[in-house]
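First to last, the protein sequences are chains A and B.
According to our numbering, the first sequence is numbered sequentially starting from 37.
According to our numbering, the second sequence is numbered sequentially starting from 37.
Some hints here could point you the wrong way.
Given that identical chains are not distinguished, each listed pair holds provided it fits within a single copy or across any two copies.
Stated by the list, open to error - In silico lysine to aspartate or glutamate, EDC-like type, Cα no more than 20 angstroms apart, as pairs:
{"no.": "1", "residue 1": "K482", "residue 2": "D534"}
{"no.": "2", "residue 1": "K503", "residue 2": "D380"}
{"no.": "3", "residue 1": "K306", "residue 2": "E529"}
Since the hints were made in silico from the structure, they are not lab data.
Protein chains: 2
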Amino acid sequence: MRFCLYLHKLCIFGNTSSLFKNNKLKKYLLHTFDLLPAKNGEEPTMQFLLEVVDILTNYIRKTFDRSTKVLDFHHPHQLLEGMEGFNLELSDQPESLEQILVDCRDTLKYGVRTGHPRFFNQLSTGLDIIGLAGEWLTSTANTNMFTYEIAPVFVLMEQLTLKKMREIIGWPNGEGDGLFSPGGAISNMYSVMIARYKYFPEVKTKGMSAAPRLVLFTSEHSHYSITKAGAALGFGKENGYVPLFVNATAGTTVYGAFDPINDIADICEKYNLWLHVDGAWGGGLLMSRRHRHKLSGVERANSVTWNPHKMMGVPLQCSAILVREKGILQGCNSMCAGYLFQPDKQYDVTYDTGDKAIQCGRHVDIFKFWLMWKAKGTVGFEQHIDRCLELSEYLYNKIKNRPGYEMVFQGEPQHTNVCFWYIPPSMRNMPDGEERRERLHKVAPKIKAMMMESGTTMVGYQPQGDKVNFFRMVISNHAATRSDIDFLIDEIERLGHDL
Amino acid sequence: MRFCLYLHKLCIFGNTSSLFKNNKLKKYLLHTFDLLPAKNGEEPTMQFLLEVVDILTNYIRKTFDRSTKVLDFHHPHQLLEGMEGFNLELSDQPESLEQILVDCRDTLKYGVRTGHPRFFNQLSTGLDIIGLAGEWLTSTANTNMFTYEIAPVFVLMEQLTLKKMREIIGWPNGEGDGLFSPGGAISNMYSVMIARYKYFPEVKTKGMSAAPRLVLFTSEHSHYSITKAGAALGFGKENGYVPLFVNATAGTTVYGAFDPINDIADICEKYNLWLHVDGAWGGGLLMSRRHRHKLSGVERANSVTWNPHKMMGVPLQCSAILVREKGILQGCNSMCAGYLFQPDKQYDVTYDTGDKAIQCGRHVDIFKFWLMWKAKGTVGFEQHIDRCLELSEYLYNKIKNRPGYEMVFQGEPQHTNVCFWYIPPSMRNMPDGEERRERLHKVAPKIKAMMMESGTTMVGYQPQGDKVNFFRMVISNHAATRSDIDFLIDEIERLGHDL
Chain A
37 MRFCLYLHKL CIFGNTSSLF KNNKLKKYLL HTFDLLPAKN GEEPTMQFLL
87 EVVDILTNYI RKTFDRSTKV LDFHHPHQLL EGMEGFNLEL SDQPESLEQI
137 LVDCRDTLKY GVRTGHPRFF NQLSTGLDII GLAGEWLTST ANTNMFTYEI
187 APVFVLMEQL TLKKMREIIG WPNGEGDGLF SPGGAISNMY SVMIARYKYF
237 PEVKTKGMSA APRLVLFTSE HSHYSITKAG AALGFGKENG YVPLFVNATA
287 GTTVYGAFDP INDIADICEK YNLWLHVDGA WGGGLLMSRR HRHKLSGVER
337 ANSVTWNPHK MMGVPLQCSA ILVREKGILQ GCNSMCAGYL FQPDKQYDVT
387 YDTGDKAIQC GRHVDIFKFW LMWKAKGTVG FEQHIDRCLE LSEYLYNKIK
437 NRPGYEMVFQ GEPQHTNVCF WYIPPSMRNM PDGEERRERL HKVAPKIKAM
487 MMESGTTMVG YQPQGDKVNF FRMVISNHAA TRSDIDFLID EIERLGHDL
Chain B
37 MRFCLYLHKL CIFGNTSSLF KNNKLKKYLL HTFDLLPAKN GEEPTMQFLL
87 EVVDILTNYI RKTFDRSTKV LDFHHPHQLL EGMEGFNLEL SDQPESLEQI
137 LVDCRDTLKY GVRTGHPRFF NQLSTGLDII GLAGEWLTST ANTNMFTYEI
187 APVFVLMEQL TLKKMREIIG WPNGEGDGLF SPGGAISNMY SVMIARYKYF
237 PEVKTKGMSA APRLVLFTSE HSHYSITKAG AALGFGKENG YVPLFVNATA
287 GTTVYGAFDP INDIADICEK YNLWLHVDGA WGGGLLMSRR HRHKLSGVER
337 ANSVTWNPHK MMGVPLQCSA ILVREKGILQ GCNSMCAGYL FQPDKQYDVT
387 YDTGDKAIQC GRHVDIFKFW LMWKAKGTVG FEQHIDRCLE LSEYLYNKIK
437 NRPGYEMVFQ GEPQHTNVCF WYIPPSMRNM PDGEERRERL HKVAPKIKAM
487 MMESGTTMVG YQPQGDKVNF FRMVISNHAA TRSDIDFLID EIERLGHDL
């Protein structure tokens, strides 16, 4: 087998990073033009890709190694000025493959290890090996979800996976529609678009002036993408006018709170409003028998956003918009561009999903998710979710009565979000008031900056309403353990002690 | 070096695809739970990833091998029923790593080789090895373009690359703004949104009712995404009312035609309209000194869509929206979500681009493009584009007077699009008229169906206006040569001869 022969050739030199040097191919003389499809390009192509994989697997190994830093922080101007051997500027002339490999190594070196067990900064964390393999394959296949013709397997995987997700939501027989979109904000935008189309289909051709002035309802803590969608789609964000759409958030960004879907659904049914559930963050809990009750009533929604790239640990990006009514996504978005979607093909063209989307070509986001589902089974996702929630419970119990901590909201968190202030010793006896508020507001940013400079861990902070900056801890990383939670708390105290 | 030791261990068994079997790790007993971050997960992880890479590199090698088929066509119901050993259904229980590898292999087996030298079906074709390596790295880094905090290197790469693109467009000092979006349709939608914001900023908060009834102008052959954006954003597609926005297409989807940008810009200046240039397909020609005159006047546009994933051979997805006026993208889309974009960070937060986008997290589409630019240099892109256009000229000259061919439009193609009817011998003496039209309409679909069944090549067809189905040949694949063009023509004649 040729591949293996290459590997063998590579190995005998002992050090993969200097392969080309020890080899008659002379990497420093080689350029992209020497790779496939160039004549005799096969050997350098395989060697180049193996060197890249060497860099990547080293990175992966270190990502899970707690003695490695989460990041090696530099300011924008530092990176722009150029680090030794790493220059971001583009030039007119080609670089050698040797330099390209250096560029790859340095890009990872100055980046952030989002899969590190101590990276807690975002809702999307972790590095799932199966999901990663799925992404490598997806890139290699290099196609899009435009038609069955050019993505037969991926189109069917998407269809089956969306059906399974609708079954889990609880729609009868998993009927309905949906697609994977470039993130929760776009999924939410889809929900607003189809709601408008459902009640005022003439808007599609006549514009917003064909409808009365419409209004969208959403809670104060809901994600800003609902407001963005409203602005983009021409609703504005004024109060008043005719109600059209209600968004219930299942897992808010900061608090991880769940709106009472059943209560909201009652109102929507009474007044004939579109009910959307934004489960971008909380949707994953549907996979857990222990936690899915938090989304009770989700089966009454007209549409649901659910991002497997958040709580389910799927690599970015992977967000689904799920719609209960079949055909409406097509009705809303199709422009019947016959020059793109030919009706006279030899296969069943209902599998050509391109015209349902607002995108034309749509990135293949399904494969990694499908592959992870195969590898973990439904039970594997359940275990992942239960474990993350247990960890956040551990954190909550650890700090709720610990000296120097104040919880931002009372009671156990519903999701993995644990929101808290750390009060440095110097402030613990300060009376409540503006001065204390002002000082406290600066504590989290200062600790965070020191964390990033030292590169040991990362956790988010933000203000919310009249609440000054507080830490928001979230757990979606399957690599995190109790020891990492302990480490985070120790680190906050170490860095914040003298503030 | 440990990696190399693994490689070596792998090699000595001779056949990488049965590694685990010959190895005490016993792949068939291993599951995703045994991989990192599991205890002792490092060795199985590295072995698993190398097996995946083995599958991928084999696929890549075959992609460039003309004796390999472009596709192995199956109908949806066949794939859904399950091919031997390949079952698309998701189950509750986990599958072994051995099965996961089989799933990977089969996913590729039943897909379409979009990098094959004889795949001409889409505007995006080819498999660039450097771009692919860039995608593998991007997946491994698994972050998004939300903030500098979590994607420092990628954020700066995007900024520098967009600036370079604006320089090439011809905006003074490359000033302006922009971002990479999930495809040309979304880039075009951005252009409509910011144009509306520019002239009627109150729409953002008050909705479309705050503006007069607005209208967008675009040519009949422009991409349907402009109409989709109009519908989505609440414009409708009615005639009349106040003109706001003019789209000039640089490279239409079917004909590859270029609108006269300077003439349109004159009108836009006179009437104070927003000029958008949709260069999703034709933007790449800006890299070529020989062909950039076709976009003459592009520097007068207010915004430009330009998809490196089309004519520049960058892997999917990679589309830029470029905006001449600085700050307007931010003004249009920002919702100032302080809980997501904290102003009190230790670094210069103008690098946090998240709030400029309608997405929240934004996929990292920049790295592969940046890396390709490094590897090829500006001159490398120029060569690629000139070569593709030469090839299409070769095709045009080959068939324009060849018996059995009729060109759909007269004169040399402006882009790589060559549109033609193939007339089977049995129809060559038929008089013009409805019967001939009806028969001709069925020729391209029949040939295409046979092509797909035999898997030898793929080229698109479509009707346009009152023109019956014709072939649209496009060339963006750097692997294609004159012999592949000859092959396509031979294949059309072989399959269509007896129709």
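Quiz item: For the identical chains here, do K503 and D380 meet the 20 angstroms Cα criterion within one copy, between copies, both, or neither?
Solution: Between copies, since 15 angstroms is at most 20 angstroms while 60 angstroms is not.
Quiz item: Are the CA atoms of K482 and D534 at most 20 angstroms apart within a copy, between copies, both, or neither?
Solution: within (11 angstroms within a copy, 77 angstroms between copies)
Quiz item: Which holds for K306 with E529 at a C-alpha limit of 20 angstroms: within a copy, between copies, both or neither?
Solution: neither (51 angstroms within a copy, 64 angstroms between copies)
Violated hints amount to a single one, hint 3; each of the other numbered hints is respected by the structure.
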